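**Q** Spelled out from the first residue to the last, the chains are:
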Amino acid sequence: MKKQCAFLMISTFLVALFLTLKAGAAPLGLPEVKIPPDNPQTMEKVRLGEKLFLDKRFSLDGTVSCATCHDPAKAFADGLPVAEGIKKLKGMRNSPTVLNAVYYTTQFWDGRVKTLEEQAKAPFINPVEHGLKSHDPIITIIKSDPEYLKEFKKVFGVKPEEITIDHVVKAIAAFERTLVSGDSPFDRYMYGQDKTAMSEAAIRGLEIYRTKARCQDCHTIGQTNAIFTDNKFHNLGVGFSVIEENLFEIVEKFKKAKEAGKDIDESVLTNKEASELGRFVVTLNIEDIGRFKTPTLRNVALTAPYMHDGSLNTLEEVIELYDQGGEENPMLDSGIRPLRLTDQEKSDLLEFLKALTSPEVAAKMKK
Amino acid sequence: MKKKMISRRTFLKQAAFTAAAVSLPLSVVEVSWGKGKSQNFTFAYISDSHLTHIKGSEFVRNFDKGLKKAVTECNFMSPKPDFVVYGGDLAQLGKKEELEHGLEIMSKLRHPVKWVIGEHDYYLDLGKFWREKISNLYYSFDHKGVHFVVLNSILTYDSWINKWATPEERMANMARLDNPNGSPFMVKEEQIAWLKKDLANVSKDTPIIVMSHSPLYKIFKPWNFWTEDAEKVQALLQPFKKVTVLHGHVHQILYNQIGNITFQAMLSTAWPWPYPPSYIQKPHQVPKLTVFMNRADPFHERDATGWSILNLENGRVINHFKLWENKDRVLRYDEKLGYPVDVEYQDPAKRIPPQTHY
Numbered sequence: 001m002k003k004q005c006a007f008l009m010i011s012t013f014l015v016a017l018f019l020t021l022k023a024g025a026a027p028l029g030l031p032e033v034k035i036p037p038d039n040p041q042t043m044e045k046v047r048l049g050e051k052l053f054l055d056k057r058f059s060l061d062g063t064v065s066c067a068t069c070h071d072p073a074k075a076f077a078d079g080l081p082v083a084e085g086i087k088k089l090k091g092m093r094n095s096p097t098v099l100n101a102v103y104y105t106t107q108f109w110d111g112r113v114k115t116l117e118e119q120a121k122a123p124f125i126n127p128v129e130h131g132l133k134s135h136d137p138i139i140t141i142i143k144s145d146p147e148y149l150k151e152f153k154k155v156f157g158v159k160p161e162e163i164t165i166d167h168v169v170k171a172i173a174a175f176e177r178t179l180v181s182g183d184s185p186f187d188r189y190m191y192g193q194d195k196t197a198m199s200e201a202a203i204r205g206l207e208i209y210r211t212k213a214r215c216q217d218c219h220t221i222g223q224t225n226a227i228f229t230d231n232k233f234h235n236l237g238v239g240f241s242v243i244e245e246n247l248f249e250i251v252e253k254f255k256k257a258k259e260a261g262k263d264i265d266e267s268v269l270t271n272k273e274a275s276e277l278g279r280f281v282v283t284l285n286i287e288d289i290g291r292f293k294t295p296t297l298r299n300v301a302l303t304a305p306y307m308h309d310g311s312l313n314t315l316e317e318v319i320e321l322y323d324q325g326g327e328e329n330p331m332l333d334s335g336i337r338p339l340r341l342t343d344q345e346k347s348d349l350l351e352f353l354k355a356l357t358s359p360e361v362a363a364k365m366k367k
Numbered sequence: 001m002k003k004k005m006i007s008r009r010t011f012l013k014q015a016a017f018t019a020a021a022v023s024l025p026l027s028v029v030e031v032s033w034g035k036g037k038s039q040n041f042t043f044a045y046i047s048d049s050h051l052t053h054i055k056g057s058e059f060v061r062n063f064d065k066g067l068k069k070a071v072t073e074c075n076f077m078s079p080k081p082d083f084v085v086y087g088g089d090l091a092q093l094g095k096k097e098e099l100e101h102g103l104e105i106m107s108k109l110r111h112p113v114k115w116v117i118g119e120h121d122y123y124l125d126l127g128k129f130w131r132e133k134i135s136n137l138y139y140s141f142d143h144k145g146v147h148f149v150v151l152n153s154i155l156t157y158d159s160w161i162n163k164w165a166t167p168e169e170r171m172a173n174m175a176r177l178d179n180p181n182g183s184p185f186m187v188k189e190e191q192i193a194w195l196k197k198d199l200a201n202v203s204k205d206t207p208i209i210v211m212s213h214s215p216l217y218k219i220f221k222p223w224n225f226w227t228e229d230a231e232k233v234q235a236l237l238q239p240f241k242k243v244t245v246l247h248g249h250v251h252q253i254l255y256n257q258i259g260n261i262t263f264q265a266m267l268s269t270a271w272p273w274p275y276p277p278s279y280i281q282k283p284h285q286v287p288k289l290t291v292f293m294n295r296a297d298p299f300h301e302r303d304a305t306g307w308s309i310l311n312l313e314n315g316r317v318i319n320h321f322k323l324w325e326n327k328d329r330v331l332r333y334d335e336k337l338g339y340p341v342d343v344e345y346q347d348p349a350k351r352i353p354p355q356t357h358y
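Respectively, the protein sequence lines represent chains A and B.
Position 298 of the first sequence, counting from 1, maps to 298 under the numbering used here, and the rest follow consecutively.
Position 245 of the second sequence, counting from 1, maps to 245 under the numbering used here, and the rest follow consecutively.
Rather than coming from a laboratory, the hints here were simulated on the basis of the structure.
Treat the hints with caution; some may be incorrect.
[To be verified] In silico DSS-like links for lysine-lysine, alpha-carbon gap of 30 angstroms or less:
#	chain 1	residue 1	chain 2	residue 2
1	A	K256	B	K55
2	A	K256	B	K232
3	B	K80	A	K272
4	B	K108	A	K258
5	A	K212	B	K80
6	B	K68	A	K114
7	A	K258	B	K80
8	A	K74	A	K232
9	A	K51	A	K34
10	A	K256	B	K108
11	B	K55	A	K346
12	B	K80	A	K262
13	A	K253	B	K68
14	A	K272	B	K68
15	B	K114	B	K232
16	B	K327	A	K253
17	B	K114	A	K212
18	B	K55	A	K212
19	B	K232	A	K253
20	B	K327	A	K255
What you are looking at is a predicted structure, and each value in this text was computed from that prediction instead of being measured.
Just chain A, with the same shape it has in the complex:
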């Protein structure tokens, strides 16, 4: 029953969105969604993707689907500090929301893949997420399910024996490309010319965001739309203490492991030290140690806890972190510095962050 509810919830949401997107217009405040030429959007593909997204059978013990950590009723996140997969095994990273993930130029906190399609492949075979040893069980289940066979045939024109994981992730990605949310009070104020859309406090908060609090430089607001990310990687020092003392040894160990062919995806979710190296695990560039991708701030009030390791529970704590100038460490991003915000400024900034919630996402939150 719950599954059907979720299905229905997303479906109605989707139809509206899909039709809007098809017309070329993204929700207010968002740029156009880029559709890759090798994965065009169709309504059937999106529906198939949604079904795959919700399917718990694609996990070792049948308990985990994409929606486990990216729950439609929790703004497509999970409300936990770090993700919990099969057997409640804990990973190392906070589940990012899928909402507006299409606007990232890389996926994951360390940007280790470029596309939504590539991202979807990884959790299936991660030991602390879906726990499968390979994608084969997924294909087997699909081939044994007449409904799926019909849908795959309709969407991709493939016979059962031609179905691969690439079809699966293409459908999931197509579904995710409809998960965009704008039209927040901020959007209406900023792009919709409605000067009453945000409270006075939030309006002051926007000004602080762009000036004294220095948020604008990484969590970018554009002139005609806002994705709230610069798609770059920055070191705030969160979690750096894990690796600081034995930094050289940890770096050496990781480099050797990577050269020997150890899978990054598994390392960063099962090995705490590797996890805190951040972007470095992808580029092996010393300056990338401890750097993580700037996340979008859309719906941020709904997606606690915060930071790549979920270590901050509230937005107040996040603002405090920035106000103190991040966590001191030798690789701290040079744009991070103590802000000396007054209590009023912090409070106004908080009100502004709350104004980034899209009403339809808030409406679907599990009470």
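Take the given structure of chain A and dock chain B to it, following the hints.
**A** Just chain B now, with coordinates in the frame of chain A:
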């Protein structure tokens, strides 16, 4: 940032100006040269940290961060550098607190250090702390067939030194960039005489590297990007076939060739200076050769600051500028052209707007 592996062969190809932005860990392809008396090796340069004491154990955060970042990154160098040169201006006002704080941070370096004094280190106590606790003010040493000379090039007229009421006043007046009550830097006779004797026993084929804080040529007098008796020093160096002068003080990329001498400026870890042409009221002698740094983004306090990884190859210095928050730059001596070139941007057609919009 673009990351490409450097191959020794590519570097030495006369025609190709390949982009050679380097990332750490750096791997220098070892090629042993049968002929040639000097070996190839790697060293590093950290300079102009200007650590500033506020009170008690409080120092200006910005400048501490710059030096600490350079030390951390330098420790990751692979292969390890033979030594690290500290290019001067460790302190801002020459205070004991600042110099000790600097020594503490530098003590985290895993490589040996060669020290060059700057005016901000010197003018409070006329080099007393430095001489006693850190290093000689001028000296020479040989390393793998290269003759290194360290000079104290930031001296000035005794009359100026002696005219101030307190050491603090003297230091404050030397600390300003554009002080009309300032005084030009100079090497002076004692060192010039010493240098003449020091070089007498060095063969003309031996590569020479001179390290000083201020540039040993004349760039812009109002800002003391200048050494008053530069020509006398240069005259002693010209007879040698391969001479490189490495200096700090200017907090920017600046390079030149005068006869046999290549001059290369090192970055500051603290802050960049504007280029002298921006101060249009006074004429300047900024070498036309120099490709300016990319214009810095003021949001990032580390933009246009950094340090250098230097490769000594065939008696010449190849300089990899590790420019934080921006693109690295590589400078190498072109044997055919006879002067140093930026491997990516030297050709005017390859310049980009951040290098011309100042």
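**Q** What are the numbers of the hints that this structure violates, sorted from low to high?
**A** Hints 1, 2, 5, 6, 17 and 19 are the ones this structure does not satisfy, whereas the remaining hints hold.
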